[in-house]
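A.B. asks: What follows is each chain in one-letter form.
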Amino acid sequence: MTTTNKRGFAQEVWDFFCSLKLSIFLLIGLALVSIIGTVIQQGPQREYLATLSETKIRLYSALGFFDMYHSWWFILLLYLLTLNLICCSIKRLPRVWKVVSEPVLVMDDNFEKSLANVKDLKLKGSKEELKERMASFLRAEFAAPVITESNGEYHLFAQKSPWCRLGVYVVHLSIIVIFIGALIGSFAGYKAYTNIPEGGAVSQVQTQSGKMIPLGFEVRCEKFSVSYYDTGAPKEFKSVLTVLENGKPVPGFQSRPIIVNDPLTYKGITFYQSSFGQSDEGSLYHITVRDRKGGAPVKLNARQGERVALPGGAFLSVMEATMDVRPFMRGFDGPGAQVEFTPAGGNPQPFVILSDKYESFNAQHGGDLLITFDGMDQKFYTGLQVAHDPGVWVVWFGCFLMVLGICMAFFMSHKRVWARVTDSGVTLGGSASKNPAGFEICFDDLVEKIGKA
Amino acid sequence: MSSSMLFNVTMVIYMVSTCIFFAFLASRNKAVGLTGTYAALFGFLVQTAAIGLRWKESYDQGHGHAPLSNLFESVVFFSWTIVLIFLIIDFKYKYRAIGFFVIPFALFGMAWAQLGLDSGIEPLVPALQSNWLMYHVITCFLGYAAFAVACGISIMYLIRESMEKGGADVQAGGLLSMFPSIRILDDLNYKAIMIGFPLLSLGIITGAAWANYAWGTYWSWDPKETWSLIVWFVYAAFLHARITRGWVGRRAAILSVIGFAATIFCYLGVNLFLSGLHSYGK
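From first to last, the protein sequence lines are chains A and B. With full-length UniProt numbering, you'll find the first sequence wraps up at 453, consecutive numbering, no jumps. With full-length UniProt numbering, you'll find the second sequence wraps up at 282, consecutive numbering, no jumps.
Check before you lean on any hint, since a few could be wrong.
Unchecked claim - Selected chain B positions facing chain A (in silico; Cβ < 10 angstroms): (1) 68; (2) 125; (3) 129; (4) 134; (5) 135; (6) 221; (7) 226; (8) 240; (9) 241.
Stated by the list, open to error - Far from chain B, by Cβ distances over 12 angstroms, these chain A residues were calculated: (10) 102; (11) 123; (12) 187; (13) 223; (14) 253; (15) 334; (16) 435.
Worth flagging that the hints you see were computed from the coordinates, not collected in a lab. Yeah, the Cβ is synthetic: ideal placement off N, Cα and C, and Gly gets one too.
Full structure from sequences and hints, please.
C.D. replies: What follows is the structure in structure tokens.
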């Protein structure tokens, strides 16, 4: 009694994991819970947390909502889905495999009744002749037949693309392959980030969790540049990188430009253009000052925020500057600087100065002095995303399998034709795994051609 | 002649086509239905020319990129793909009544794009400067369009089913008599999703490939990515529901409508209400 109960329970568990209802429930469930992570900020910023109440924060943290897609219950749902599709496949695959590998070669009366397309044809000739005729006909018009003799009748069987029945299982397998690829990536790979100032080099990068990872080589940023369209929208962010091994540049990896959408890969580690900024070292600004009443122009250099003494007792500091003002000022181009000018004995005045191309613009300020901005030696740092993911090719292989499997499952049909040949004629039967209406046309076409042949 | 003018013409033709399809439902005259399809085809050709012209205009302005880069262009392209998928299904199965439930989606898209969106041609920002943009956008939107058609068909299914239950005599006439039977509507719904699902899968895969190429992560649970996966889950559930007893018909139709609602949220809602990587250049 207990043993049957046990078997009954095991059977129930097995049936539970094999059921399509569970698949539908899991798919809809995953769809619903996935919404949470798109509404609640993942890896939340301080500003975002400040908008939430204390209780909400405690509740969300307890439920793992701040890193929802890696929470135990979300991962559990994904594992359940995987288990479900493995069980479903194990249960159904043998049956389908049998249809593919051991086709029904003989169309008997019972089987004939189960077919949607059947046609009796009265044809002249002995059954040997008819058999040969039908065999060459099927070979020419459909597929090469297998011939079986049974009860004094000849049975011909021909089929097209039987393996497309496996499409569904290829898709199921592809999902498992993608998960394996993702697991390899999460255990053996990393995503990191690094800032390199122009002229500087790094030999280790920091992962999202804050761990430092040595690269095993050095990457130097030779130069970073940014260019803009006339509209002020950014056009290109470009870093020029050199890979160094033992302090020596690696041939083929010297001064390699990388831009967004065109990364650099060396030894399985890829560097992506991600962000940029002004280097801490600061820029050197070039300014020309000329007395309006005459006299030779004076050239000055200044660092950011530095108070520079001007002729006549005034002071100037550069707050911010750019080599291209187009994104900030419509109708102007070239270099520009936001400065604070303090006339002798007066209060500080903030204004903008541009290049000597805009003399009348620059003449609006500065009292007796005409101040122009000549440009700057600016130093950027480039922000690079660094990724090492040995699982990525497994993921692409999974994606390929998925597309292949979906095409097999959706767009191909396993078509089968049987012919029973007797002395009085031929009975043709046919069936297809998909698109019965389409197969009917194909079948009628075959029947018509036999009539003519 | 500018592309903007042609887009206006397209919008008017889709409006005319919608009216003709309504006249078809009312008159039950097959010739009227065919005229509706031809009007939609004509609108489609004009829109194709307009998109081509806009592409050329971008080259004239010196940017030179496929018109798939901002919200205006994507809405126009979405409406184009909806009509494309509709025409394929219409020419194959010839159930003209579907036009009245599908062309309005395209009309609405064109009207919104022309009246409410900024139609300026902008140069591509660095993130979009990639051939993956084309592969990704085309596959996604063809998928979305197939789901739009499936949604129109499912709405027809739900209307017809509830009226039949309410005791309406379908044979006696009225608007319903031009609807395909619910069995056929159910099948067409499935067929449209069979077109959409592989395309959505390809769209997600090309998006992942592009993200991996540009940022080094093929999946980062960005809201857009997550929503595309939600849509994929819903239609995967739909496909499995097809082979489960009790889930064919009404429930499948409801799932298809929900799936399209999720699709629209994935396409627009994510940009309007959530933040992420797909900003359409604002």
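A.B. asks: Next, verify each hint and record whether it holds.
C.D. replies: To see whether the hints hold, each was checked on the structure:
Checking residue 68 of chain B against chain A by beta carbon gives a least distance of about 15 angstroms; that is not within 10 angstroms, so the hint is violated. The interface hint given for residue 125 of chain B holds, since its Cβ lies 6 angstroms from the closest Cβ of chain A, which is under the 10 angstroms cut-off. Because the closest C-beta pair between residue 129 of chain B and chain A is about 6 angstroms apart, less than 10 angstroms, the hint holds. Taking 10 angstroms as the C-beta cut-off, the interface hint given for residue 134 of chain B is violated, the closest approach to chain A being about 13 angstroms.
This hint is violated: residue 135 of chain B has a C-beta 13 angstroms from the nearest C-beta of chain A, more than the 10 angstroms allowed. With a cut of 10 angstroms, the hint placing residue 221 of chain B at the interface with chain A holds, because the nearest CB-to-CB distance is about 5 angstroms. Nearest Cβ of chain A to the Cβ of residue 226 of chain B: about 5 angstroms, under the 10 angstroms cut. The hint holds. Look at residue 240 of chain B: its Cβ gets to within about 5 angstroms of chain A, closer than 10 angstroms, so that hint holds up.
Evaluation of the residue 241 of chain B hint against chain A yields a held restraint, the C-beta minimum of about 6 angstroms falling below 10 angstroms. Separation of residue 102 of chain A from chain B is adequate, the least Cβ-Cβ distance of about 23 angstroms exceeding the 12 angstroms criterion. The beta carbon of residue 123 of chain A is kept farther than 12 angstroms from every beta carbon of chain B, the shortest such distance being approximately 35 angstroms. The Cβ of residue 187 of chain A sits about 16 angstroms from the closest Cβ of chain B, beyond the 12 angstroms cut-off, so the non-interface label holds.
Taking the minimum C-beta to C-beta distance to chain B, about 17 angstroms, the non-interface status of residue 223 of chain A holds against the 12 angstroms cut. Annotated as non-interface, residue 253 of chain A keeps its C-beta farther than 12 angstroms from every C-beta of chain B; the closest such distance is 18 angstroms. Against chain B, the non-interface label of residue 334 of chain A holds: every CB pair exceeds 12 angstroms, the least being about 20 angstroms. Not every beta carbon of chain B lies more than 12 angstroms from that of residue 435 of chain A, the smallest distance being close to 9 angstroms; the non-interface claim is violated.
In terms of the numbered hints stated before, the structure departs from hints 1, 4, 5 and 16, listed from lowest to highest.
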